[in-house]
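Residue 24 in this note's numbering sits at position 8 of the sequence shown; the count goes up by one each step and never skips.
Simulated from the structure, these hints should not be mistaken for lab results. Errors might be hidden in some of the hints.
[Stated by the list, open to error] Label pairs and their calculated CB-CB ranges: (1) THR21 to GLY309: 49 to 57 Å; (2) ILE147 to PRO271: 49 to 57 Å; (3) ASP403 to ASP141: 54 to 62 Å; (4) ASP272 to GLY330: 32 to 40 Å; (5) ILE404 to ARG451: 27 to 35 Å; (6) GLU363 to PRO208: 49 to 57 Å; (7) GLU148 to LYS75: 15 to 23 Å; (8) GLY218 to PRO381: 36 to 44 Å; (9) PRO271 to PRO78: 55 to 63 Å; (10) HIS137 to ARG435: 24 to 32 Å; (11) ASP312 to PRO78: 54 to 62 Å.
For glycine and all other residues, C-beta sits at the position ideal for the given N, C-alpha and C.
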Amino acid sequence: MNFHTDYAMTIDGKAVSAAATIPVTNPATGEIFAQAPDCGRDQLDAAVAAAKAAYKIWKKVPIAERQALVAKAGDILIAHAEELGRLFTKEQGRPVDAARQEVLMAGEWLKSVAAMTPPIHVAEDSAVQLIETRYVPLGVVCAIAPWNFPVSLAMWKVAPALVAGNTMVLKPSPFTPLCTLKIGQLLADVFPPGVLNVISGGDELGPWMTSHPGFAKISFTGSTATGKRVLESAAKDLKRVTLELGGNDAAIVMPDVDLDEVAQKIFFGAFYNSAQICVATKRLYVHEDIYDGLRDRLVAIAKAVKVGDGGEQGTVLGPIQNKRQYDRVIDLLNDAKTKKLTLFQGEAPSNGGYFVPVTIVDNPPEAERVVQEEAFGPILPMLKFSDIDDVIDRANDSEYGLAGAVWSKDLDKAVDIARRLETGTVWINQNLNLRPDTIFGGHKQSGFGVENGMEGLLEFMAPQSLYLARA
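Could you build the full structure based on these sequences and the hints that come with them?
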């Protein structure tokens with residue numbers, strides 16, 4: 017298989033092209049370098065029909081066999097991490113080493129989820145009767161993955177759905193379809209035809225999928241605004257829904273931290289993947305006693321890291337992934353400049369790629385857009401605080417509640433602060449640590465349902481209680 021040509025969808029185990037294509041742009045240059053299939057309605061219907069037919073067989077396959085095939089899929093991703101990583105960098109922008117790491121992580125994720133077995137709850141097992149609750153698959157799953165972590169977040173859906181006994185139609189973002197299409201081709205011989213279908217297309221395809229009557233469940237990762245539309249579409253025929261949405265995540269830094277020890281960790285907790293992470297630190301609340309010291313260290317790192325083409329040696333942070341998001345980030349940056357906020361910035365290329373300099377905003381007013389809106393780009397507002405109760409209120413004063421972080425040497429106090437944050441995940445003295453065996457989900461407008469852990473697996477299943485009379 018040539019990893020840089022022949023991008024095809026996988027429908028019913030076969031490579032399928034489309035009458036039309038969508039362009040794929042290298043965000044480091046702004047230039048189109050490939051074309052991906054633009055799935056038509058008839059092809060979507062064919063993918064759903066294939067998944068529906070395969071479901072009748074796949075749900076009867078013993079779970080140990082399903083688990084073994086999902087684990088095998090993980091091994092295949094790991095074996096092809098080099099080629100997929102290079103393609104990932106070209107379409108997504110992230111530096112090659114970090115791109116390869118995502119593919120490896122996605123492979124390991126598949127293998128970890130493959131080791132999970134749904135529980136059986138027994139309420140009574142007597143001479144009179146047996147009462148037990150098992151979990152059964154739902155049917156055909158619609159999975160829609162985003163462009164910021166296109167491989168790993170797709171596998172977050174594939175692994176539990178297929179282990180549970182469902183079949184799937186998976187759609188990557190139109191901005192990053194290529195790696196996912198290649199993975200579909202790589203796995204075409206692993207699963208029976210129709211179990212995992214991978215299609216790609218433009219802006220129309222997502223709404224076609226979420227309104228399609230053939231799906232039993234929608235698993236979506238993306239913005240809160242789009243998530244609301246997905247939920248509205250799903251409500252028409254009561255599809256099950258899992259939504260992993262936006263965040264405006266706050267970190268609180270206490271005055272007892274060792275600044276030299278935590279500065280790098282805090283920096284990359286905010287700016288890794290050029291801050292295109294739903295759980296990145298997006299509001300940094302720093303105690304006034306150490307504010308200047310931490311700000312100066314973060315600014316020094318911002319000026320030292322290389323921002324550039326992910327394919328170039330030494331690049332640490334790549335471009336914004338697409339022009340649409342780039343324009344949003346630039347608009348937020350221009351608003352901060354118009355308001356005459358104090359900005360500290362690093363360097364970024366100006367070669368036609370979607371590059372934004374790493375920007376630290378020095379103690380802006382809480383009401384400013386740069387604080388209230390999720391940038392999803394390398395802009396970090398730093399804000400002073402002196403009172404714990406006040407800063408917790410400020411951190412919680414958001415429509416989002418995805419993740420948060422606390423930095424302190426006093427672990428008891430840090431845990432107390434963490435417990436008071438209204439978020440689905442809280443890190444203490446660390447950042448961005450997610451595991452396949454641990455629930456991930458948002459509070460408020462950051463999510464609906466959960467992913468990962470046993471509970472994430474059970475989101476792809478329905479409980480069925482059985483009452484058996486014995487006497």
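Comparing the hints with the structure gives:
1. THR21 to GLY309: 49 to 57 Å: holds, 52 Å
2. ILE147 to PRO271: 49 to 57 Å: Hint holds: Cβ distance 56 Å, inside 49 to 57 Å.
3. ASP403 to ASP141: 54 to 62 Å: holds, 56 Å
4. ASP272 to GLY330: 32 to 40 Å: holds, 35 Å
5. ILE404 to ARG451: 27 to 35 Å: With a Cβ separation near 29 Å, ILE404 and ARG451 satisfy 27 to 35 Å, so the hint holds.
6. GLU363 to PRO208: 49 to 57 Å: holds, 52 Å
7. GLU148 to LYS75: 15 to 23 Å: holds, 19 Å
8. GLY218 to PRO381: 36 to 44 Å: holds, 40 Å
9. PRO271 to PRO78: 55 to 63 Å: Cβ of PRO271 to Cβ of PRO78: about 57 Å, so the range 55 to 63 Å holds.
10. HIS137 to ARG435: 24 to 32 Å: 29 Å Cβ-Cβ, so the 24 to 32 Å window holds.
11. ASP312 to PRO78: 54 to 62 Å: holds, 60 Å
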